[in-house]
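*Asks:* Protein chains in written order, with my numbering: chain A, 1145 to 1420; chain B, 121 to 441.
No wet-lab data here; the hints were simulated from the structure.
Yeah, the Cβ is synthetic: ideal placement off N, Cα and C, and Gly gets one too.
Pulled a few chain B residues facing chain A out of the computed Cβ check, cut under 10 Å:
| # | residue |
| --- | --- |
| 1 | S270 |
| 2 | L272 |
| 3 | K275 |
| 4 | E380 |
| 5 | F382 |
| 6 | L405 |
| 7 | L431 |
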Amino acid sequence: MARVATTRRVAISTISAWLVGFLIFFPILWMVLTSFKTELEAFAVPPSFLFFHWTTENYATVQERSDYVHHAINSIIIAGGSTLIALLIAIPAAWSMAFAPTKRTKDVLLWMLSTKMMPSVGVLVPIYLIWRDFGLLDSRIGLVIILCLGNLPIVIWMLFTYFKEIPKDILEAARMDGATISRELIYVLTPMAVPGLASTLLLNLILAWNEAFWTLNLSTLQAAPLTVFIASYSSPEGLFWAKLSAASTLAIAPILVLGWFSQRQLVRGLTFGAVK
Amino acid sequence: MSAHAPEPNLAAIPHLAPDGRASSQITEAGPTAPRQMQLLARALLTPAVALLFIWMIVPLALTIYFSTLHYNLLDPETQQFVGLENFRYFLTDPAFLASLQNTLVLVGSVLGLTILLGIPVALLLDQPVIGRSIVRLMVIAPFFVMPTVSALIWKNLLMHPVSGLFAWIAKLFGATPIDWFNDAPLFAIILIVAWQWLPFATLILLTALQSLDEEQKEAAEMDGAGAVSTFIYITLPHLARPITVVILIETIFLLTVFAEIFVTTGGGPGLQTTNIAFLIYSQALIQYDIGSASAGGLVAVVIANIVAFFLVRIVGRNLEA
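With the rest of the complex left out, here is chain B (with noise of 0.2 Å):
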């Protein structure tokens, strides 16, 4: 805000020179705008709205509409309404609670591993560090790097049962080389996807770290508690609604991993790392099946929806106060 500096000199102007012209028109401009404002106000917003709504109308409609339909790009000639077949098929298919199941462990698993080592990287960022702004940039580094290079990365330098770092630092230890994309798929996928997401949450609990009142703090330390006790009853409740944002957030993004899959593994062996995001791009732009990868776009929105209307609730109470 040092930039704005000079500016109250200039709110300070109608107060040293309060002519009539000037007061009449404090009282029109008060609590509602002049009509030809608010007339041009709404003619700013119209094309916003207007865009975002057949952003979300139109493709959703079609997606609705499709999903009654037996359409295959194969053989585009024989489109037939079906009701809910495709949705019973979709529903029904091993397919769906196989990934439903990996899209739930993901999600959860990042969710879990972000959270619980961004408390404690961002508690450590908080402590006096010398050089603070530099370890600040390696740590947000990751959250910078595109998702098709981070996995890729990870995959072949990283995770190579053979040549990578990790089975390098295995044999050191007299272990044997984890091969990760066929042992664990899933797990290496998690690895990826958290090393991504951990900058996100450790940068948001420490920006509301730093809001914590230090006087708060430091009463509590000259009341005798020590610094478990701090964290448990002073720290961790303030941390409360950023952890509950950047859970939310995070399942947003999380729901629909793709480029990690997409260029790892492909969502195999078998179905091991396939999630709803990626079983659904397979069926619409693999098998061609429109019919049935539209009944599973249904369910992903239905899915982000509850997500989504927990988050919309968070920052509209946040919008009043």
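This is chain A alone, in the form it adopts within the complex (with noise of 0.2 Å):
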């Protein structure tokens, strides 16, 4: 748009843009600060924004004394395994629909989607004595089943979406080669769907590493993630605030970088295809 006042325009957009932003990151900044301080310049007031004694004394502390390690390994075996189980499940069911449909697909997808629907705090008292029965409160493997159970809806729907994209025609001319369905999958459909493949897993990872529903009710300490020991901070009166920034810090880094990565395919996976 070619205006008379561009330079003007951008200039006063641009600051206050960087404001606006600045503004909303400002409290993952703070934190990220705070947990470079020792736990007096935490809590001094006035607060110091820059010229503090740097240290990184918090981070050492937090793995020896809470054994963030041993959370952090549960929160990749939960996030990881619940997201690769609902693709391993959920592909045959994307490409069926999406390649193969039949009159009820749609119902099937819309029926799909609202199980998603169901809030987890109704079927909460259920799913609590199945797991005490089971033997299955505090595991991971109860956290990886009911996390995968919860994204199967949201995985289902964002590959059938990528899926349907894929031009037929492709497919028919590999057919008409001679390529059996096997070798179809393989060499011509897998290759086209590694970009949805992708930021599906990505999105879920996501969602399951901030789940802080079923994990704060079905987990204590074995099996207990990032989000549960973050909690576990909440309790004494919250007076070690360098070390909540630490482990914080630590908690959300990963995340936020695959997250940063996968902010296109959010919108698209997150409204089920209502908003592109």
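Two chains, two frames, a set of hints: combine them into the complex.
*Replies:* Dropping the structure here:
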């Protein structure tokens, strides 16, 4: 858009956008800064923004005292395991609905979506009791199962919307050249599906990593992922701000990086394709 | 889609070499796939459908069953059928009305805040901004922070009445610092949750804005429409659908806000920050009252389903387009 005041307009919108971005991001920045302070400085009034005694002792203490690595491994196993299993179940289902749709495909899809609408708290009681009876409370397997089931509808939906965009002509062409279904899957479909698979994987890792209803209710120590580990800092009336900040920074850093990579797929995944 | 660039050549092959075998298969693979394919497709779909069906039906059936029992885990021997007694108890409990009200206030306020702030932020990011991708990253970041972290960081580092940053800012301006979690606990939680969901609203609105036809806006401007009327008559109607989607999806998640309350207030002081999700949790896992918690769970399911009904319709309409 050619306008007279273009430069001024760009300057104004740039400055205000950066200001707004900075304000929204500030709590995270503040947390990271606090994680490098001593406990005394973290609590100090007036607060110091940059000119404090930078230290990494909090990170060391967090690992020593509360076994951060143990919970991080739990998070990786639970988020990774539930996402991979969900993908294994969802890929065939989404493939089937995208490439061999029937009259009922739309109903099946909407029904799957509706299972995601069930509030977790509505089934907390039976799940808790079943998990207790099967010895799944505070076990990684128990959390993998529940997060896998909880995210399965989203995984199927995302894959479905990606698969549907693969032009069918190509598959038919391959078939005409004599490709069997398995060859078609491996050599034609898979390479084209990789970007969709990758973003589905990424988004679901994020959702599972941050899930904080089932993890808080179904695990305490052994299987506790980082969400629960951080929650344990709420009890002794928050006196260890620097350590809380260090633990929090460690807990969100990996997922923040993944999240930034997947931001373009986020909209589509979370709106079930309703906004693209 | 640039990764798919070489593929169209493949699609062109049959047109270049249309021998008899290929064309006969074209008709065969027409609108209805071959029978073998259909069977395979059904076999591939079945595990997912079966699992989701079990996942939906079994816990729900059990919840319904438990909701008709007098059943407390502290006294598991005396299970007894009580009909609708649990519902009467749950729905007439003053805690229910309080928590229903808190739930509605929480959902409504967070929706209002995220949309009213999300629209200007999205409009701003849609402008020519130097370093837009970096600003985008900063705006979207809170969405990736796990709920327990954002709740505790806000509660301690920012909202603490003595050493929090907000208290320091208030004192800079000569105001009395607010003791957030004592004086306005629900509002404090609303702020935290709104901060987490603002990126979601912004991102969806921004995506929609970017698909708005630039020519249409330019035409309106050439016709002499000012920025305000362009916004009201062109941009806002275009945003109606994404706003609806934001409202519905956020509502589904906000109805069951849990972790933020769990780590900051534990539902208190009193019942001031107890929402339906937290009330059911405390009845189930603190008071061990399985019957009453199940009845409450069903109430939550009904409320969520009302919202879900509309969301599924919107998404379904989009599926046909």
